[in-house]
Amino acid sequence: DAGVTQSPTHLIKTRGQQVTLRCSPKSGHDTVSWYQQALGQGPQFIFQYYEEEERQRGNFPDRFSGHQFPNYSSELNVNALLLGDSALYLCASSLGAGGTDTQYFGPGTRLTVL
Amino acid sequence: AQSVSQHNHHVILSEAASLELGCNYSYGGTVNLFWYVQYPGQHLQLLLKYFSGDPLVKGIKGFEAEFIKSKFSFNLRKPSVQWSDTAEYFCAVNYNFNKFYFGSGTKLNVKP
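In order, the protein sequence lines correspond to chains A and B.
When you line the first sequence up against the working numbering, it's residues 1 to 114, in that order.
When you line the second sequence up against the working numbering, it's residues 1 to 112, in that order.
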């Protein structure tokens, strides 16, 4: 049973560029959440997708957008990259979008913005 | 705004010592509470969770946590730590079946 997978593992971009990160949820899971984890900090909630719609959103600007596909996989897009966007981006999947569901985390994508 | 605080950023213990990691959260309505652990080189994984019932919850590997509503706390405990418990521990809170908030984490180093 494959867990949550994310691609790519590492990414280097320059300021102003755009980036797309990808996530495949654990088998049987229908909900995907994205988090940003800066160095030395805990994960910060970006948004959650369920039934191909954004259900919840954290305090992130509109430069951060996402998508969920019919097979429940998801993409995170960040436009007009800033140096401060450098972080580990985590994807978590769960069965259901309720607050009691256990989230299973992927290994993350390390984004470096130069 | 909702927030989660973990006051101990780095804890060093010897094997067999008892562990208690603090977690406090701000008021924000209905809460569901979690502790996650990240072992070196591994993904975040769930240790335990609480959303109703007995405020003392037991998780994997001998960990437990107590929800004290009046203190807005959900502290993690283990009576006797092992070297293999060396990891980073994160407290997380879900408010009103809505957004998740994580604390900044506590790095635990257990000396053999």
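These are calculated hints, taken from the structure and not from any lab test.
The beta-carbon is built from N, C-alpha and C at its ideal position, and this holds for glycine as well.
A hint or two may mislead.
Stated by the list, open to error - Across the chosen pairs, the derived CB separations fall in these ranges: (1) A:E52 / B:K111: 20 to 26 Å; (2) A:F60 / B:H7: 24 to 30 Å; (3) A:S27 / B:S80: 43 to 49 Å; (4) B:A17 / A:G16: 27 to 33 Å; (5) B:L46 / A:E52: 32 to 38 Å; (6) A:S7 / B:D54: 39 to 45 Å; (7) A:G16 / B:K71: 45 to 51 Å; (8) B:E66 / A:T100: 14 to 20 Å; (9) B:K58 / A:G96: 45 to 51 Å; (10) A:H10 / B:W83: 26 to 32 Å.
Unchecked claim - Straight-line Cα separation of at most 25 Å, BS3-like style, residue types lysine-lysine; simulated pairs: (11) A:K26 / B:K71; (12) A:K13 / B:K99; (13) B:K111 / B:K69; (14) A:K26 / B:K61; (15) B:K111 / B:K71.
How the hints compare with the structure:
The supplied range of 20 to 26 Å is broken by E52 (chain A) and K111 (chain B), whose beta-carbon atoms lie about 49 Å from each other. At roughly 26 Å, the beta-carbon separation of F60 (chain A) and H7 (chain B) lies within the given 24 to 30 Å, and the hint holds. Distance hint check: the CB atoms of S27 (chain A) and S80 (chain B) are about 36 Å apart, inconsistent with the given range 43 to 49 Å. Between A17 (chain B) and G16 (chain A), the C-beta spacing of about 50 Å breaks the proposed range 27 to 33 Å.
Between L46 (chain B) and E52 (chain A) the beta carbons are some 26 Å apart, a value that contradicts the proposed interval 32 to 38 Å. For the hinted restraint 39 to 45 Å between S7 (chain A) and D54 (chain B), the CB-CB distance of approximately 41 Å keeps it satisfied. Taking 45 to 51 Å as the suggested C-beta distance range, the pair G16 (chain A) and K71 (chain B) conforms, at roughly 47 Å. Taken as a hint, the range 14 to 20 Å holds for the pair E66 (chain B) and T100 (chain A), whose Cβ atoms sit roughly 18 Å apart.
As the Cβ distance of K58 (chain B) to G96 (chain A) is approximately 23 Å, the hint placing it in 45 to 51 Å is violated. H10 (chain A) and W83 (chain B) have their C-beta atoms about 30 Å apart, which keeps the hinted 26 to 32 Å range intact. As the CA atoms of K26 (chain A) and K71 (chain B) are separated by approximately 36 Å, the hinted pair breaks the 25 Å bound. A hinted pair counts as satisfied when its Cα atoms are at most 25 Å apart, and K13 (chain A) with K99 (chain B) does not qualify at roughly 29 Å.
A threshold of 25 Å between alpha carbons decides the hint, and for K111 (chain B) with K69 (chain B) the separation of about 33 Å lies outside it, so the pair is violated. Between the alpha carbons of K26 (chain A) and K61 (chain B) the distance comes to roughly 23 Å, so the proposed pair stays at or under 25 Å and holds. Of the pairs offered as hints, the one joining K111 (chain B) and K71 (chain B) is violated, with about 31 Å between alpha carbons and a cut-off of 25 Å exceeded.
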